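Peer 1: The sequence shown finishes on residue 1405 if you use my numbering, and the numbering steps up by one all the way, no holes.
Hints listed in this document are in silico derivations from the structure and should not be mistaken for laboratory results.
Some clues are possibly wrong.
Here are the computed distance ranges between Cβ atoms for each label pair [stated by the list, open to error]:
1. Ile1353 with Arg1404: 17 to 23 Å
2. Trp1398 with Gly1371: 18 to 24 Å
3. Ile1343 with Ala1373: 18 to 24 Å
4. Ala1348 with Ala1402: 26 to 32 Å
5. Tyr1384 with Arg1404: 26 to 32 Å
6. Gly1374 with Ile1326: 25 to 31 Å
7. Gly1351 with Ala1328: 16 to 22 Å
8. Phe1381 with Leu1354: 19 to 25 Å
9. Leu1399 with Ala1373: 17 to 23 Å
10. Gly1325 with Tyr1384: 18 to 24 Å
Computed from a prediction, not measured in an experiment: that's the story for all the values here.
Each residue gets a CB set at the ideal place from its N, CA and C atoms; glycine is no exception.
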Amino acid sequence: MGIIAWIIFGGLVGWVASLIMKTDAQQGIILNVIVGIFGAVLGGWIMGLAGQGGVGDFSFYSFFVALLGAVVLIWLVKAIRR
1324 MGIIAWIIFG GLVGWVASLI MKTDAQQGII LNVIVGIFGA VLGGWIMGLA GQGGVGDFSF
1384 YSFFVALLGA VVLIWLVKAI RR
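Put together the whole structure using the sequences plus the hints.
Peer 2: See below:
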């Protein structure tokens, strides 16, 4: 994926993850993009440990993997901040 696609994909994933974790009011669009992109990397790493593929394109599987990573990332940040 190109850089523009990663930004759009990251924004969508970060936004959905922030809705799931109830942090949407605390995050803006920039933080949603950052959480989505880092979540995609983290989700790919987690799935790699499980023997599965990571994020490669715009697909439901890639969205699920990135969402998993973004939710884990938000959970970790919330746990550290407490």
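Peer 1: Could you work out which earlier hints the structure fails to respect and list their numbers in ascending sequence?
Peer 2: 4
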